[in-house]
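Read top to bottom, the protein sequences are chains A and B.
Take the first sequence: its position 15, counted from the start at 1, is 15 in our numbering, and no numbers get skipped.
Take the second sequence: its position 42, counted from the start at 1, is 1042 in our numbering, and no numbers get skipped.
A few of these clues could be false.
Unchecked claim - Covered stretches of chain B, as calculated for chain A (at least 3 residues, CB under 8 Å):
#	region
1	1055–1061
2	1107–1118
Stated by the list, open to error - Dumping the calculated BS3-like pairs for lysine-lysine here, alpha-carbon to alpha-carbon at most 30 Å:
#	chain 1	residue 1	chain 2	residue 2
3	B	LYS1057	B	LYS1071
4	B	LYS1071	B	LYS1018
5	B	LYS1057	B	LYS1069
6	A	LYS95	B	LYS1018
7	B	LYS1017	B	LYS1057
8	B	LYS1017	B	LYS1071
9	B	LYS1065	B	LYS1018
10	B	LYS1017	B	LYS1065
11	A	LYS95	B	LYS1065
12	B	LYS1018	A	LYS54
13	A	LYS54	A	LYS107
14	A	LYS95	A	LYS54
15	B	LYS1071	A	LYS95
16	B	LYS1069	A	LYS95
17	B	LYS1069	B	LYS1017
Simulated from the structure, these hints should not be mistaken for lab results.
We put the CB at the ideal spot given by N, CA and C, even for glycine.
For reference, the chains in residue letters:
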Amino acid sequence: GIQVEQSPPDLILQEGANSTLRCNFSDSVNNLQWFHQNPWGQLINLFYIPSGTKQNGRLSATTVATERYSLLYISSSQTTDSGVYFCAVESQGGKLIFGQGTELSVKP
Amino acid sequence: EAQVTQNPRYLITVTGKKLTVTCSQNMNHEYMSWYRQDPGLGLRQIYYSMNVEVTDKGDVPEGYKVSRKEKRNFPLILESPSPNQTSLYFCASSFALAGVPSSSYEQYFGPGTRLTVT
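Using the sequences plus the hints, can you model the full thing?
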């Protein structure tokens, strides 16, 4: 089946720094989503981005479907950005495969 | 308020005692799904449903059952729980286009149910 790999697995930043998280997938996909799981366990959808670029405040995402990767950019990071970031791909109708996540810690 | 609710939030049970975790959404979403989250294994899909009376297996369906009799509800049933089903469970929902392969959209997650089977 399709493989989803995220990098880096862990990231520590100083508040105000920028970062790029990567999601590689092994086959063509129908859609791709990015999620944030906060330290209390809540999962929030950040982007639905099967292709192209989207921006939402300090976060933006780009998916290059032909090259099988997606990037999540976090600018001017804040302590509230801490948590785990997951990408998930849908390769066939309804079936989602998640990456292992990138655990981000933003220090004040 | 648009939301996905799960009950119970925490459950400790014993091996073999049937249990049901409920999931309900008030957004009129077609698509609903169950996931389990385990340390080192990330999130894995158990079952999903593209619409009423339509369910499909995810990556780890063994030991679980689901039903989708109403659009808003998608209960997860463990007929005979075992300790390896101790996990954090999430329900999610999204819009979907019936009959279209790429048909789930932004997923909204419930708060999670922490299940311990002893």
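Comparing the hints with the structure gives:
1. 1055–1061: Holds, because 3 residues of the region 1055–1061 of chain B bring their Cβ atoms closer than 8 Å to Cβ atoms of chain A.
2. 1107–1118: holds (count 5)
3. LYS1057(B) / LYS1071(B): Holds. LYS1057(B) to LYS1071(B) sits at ~18 Å (cutoff 30 Å).
4. LYS1071(B) / LYS1018(B): 24 Å, holds
5. LYS1057(B) / LYS1069(B): Distance of about 17 Å is within 30 Å: holds.
6. LYS95(A) / LYS1018(B): Cα-Cα ~26 Å, so holds.
7. LYS1017(B) / LYS1057(B): Holds: LYS1017(B) and LYS1057(B) sit about 23 Å apart, inside 30 Å.
8. LYS1017(B) / LYS1071(B): 27 Å, holds
9. LYS1065(B) / LYS1018(B): 11 Å, holds
10. LYS1017(B) / LYS1065(B): 14 Å, holds
11. LYS95(A) / LYS1065(B): Distance of about 16 Å is within 30 Å: holds.
12. LYS1018(B) / LYS54(A): 44 Å, violated
13. LYS54(A) / LYS107(A): OK: LYS54(A) and LYS107(A) at ~26 Å, within 30 Å.
14. LYS95(A) / LYS54(A): 23 Å, holds
15. LYS1071(B) / LYS95(A): 19 Å, holds
16. LYS1069(B) / LYS95(A): 20 Å, holds
17. LYS1069(B) / LYS1017(B): At roughly 23 Å apart (the allowed maximum being 30 Å), LYS1017(B) and LYS1069(B) satisfy the hint.
Taken one by one, the earlier hints fail for this structure only at number 12.
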